[in-house]
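Undergrad: Sequence:
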Amino acid sequence: MTVVHIVLFKFRPDVDASHRQTFVKELKTLKSLPCVKDGRLVVGGPSITDPIARSKGCQIALLSFHQDPAALAEYQASSEHHRVTSQYLWPYAEDVTRFDFEVDEEDEHMFEKSFGVSQPL
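So the number in my numbering is just where the residue sits in the sequence shown, counting from 1, plus 1228.
Quick caveat, the hints were computed from the structure, so don't treat them as lab data.
Hints should not be assumed to be uniformly reliable.
What the hints assert, rightly or not - In silico DSS-like cross-links for lysine-lysine, where the CA-CA straight-line distance does not exceed 25 Å:
#1 K1259 <-> K1238
#2 K1238 <-> K1284
#3 K1256 <-> K1284
Whole structure, please, built from the sequences with the hints as guidance.
TA: Written out as structure tokens, the structure reads:
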């Protein structure tokens, strides 16, 4: 089983690019957590969506993979996650959208190809 965790971040207008860059750097450190499946955590932004209005003002996205719902819960409860979000996100966020789902067994192979892994997730 694989659980996919997607988060879209929108910061207040007064938050500068330097802070957002620091936030991205700090988010990327979370890939080393054992509850992140094979270190698969990517952070991206700014949006290249055309038209940009479809991004609804979100500036950064996070995509991570976890073995199961318990591993995702462990990630969310970790002291590292708490440090990053409490220091760099919540005091500055305008909006955060989170969406988590379990990958259907028949779709697991697509993630193997996308991430160059030789074993099923």
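Undergrad: Give a verdict on every hint.
TA: Hints, verified against the model:
1. K1259 <-> K1238: Within the cut-off at roughly 21 Å; holds.
2. K1238 <-> K1284: Roughly 8 Å between the alpha carbons, so the hint for K1238 and K1284 holds.
3. K1256 <-> K1284: This hinted pair holds, its Cα atoms lying about 23 Å apart.
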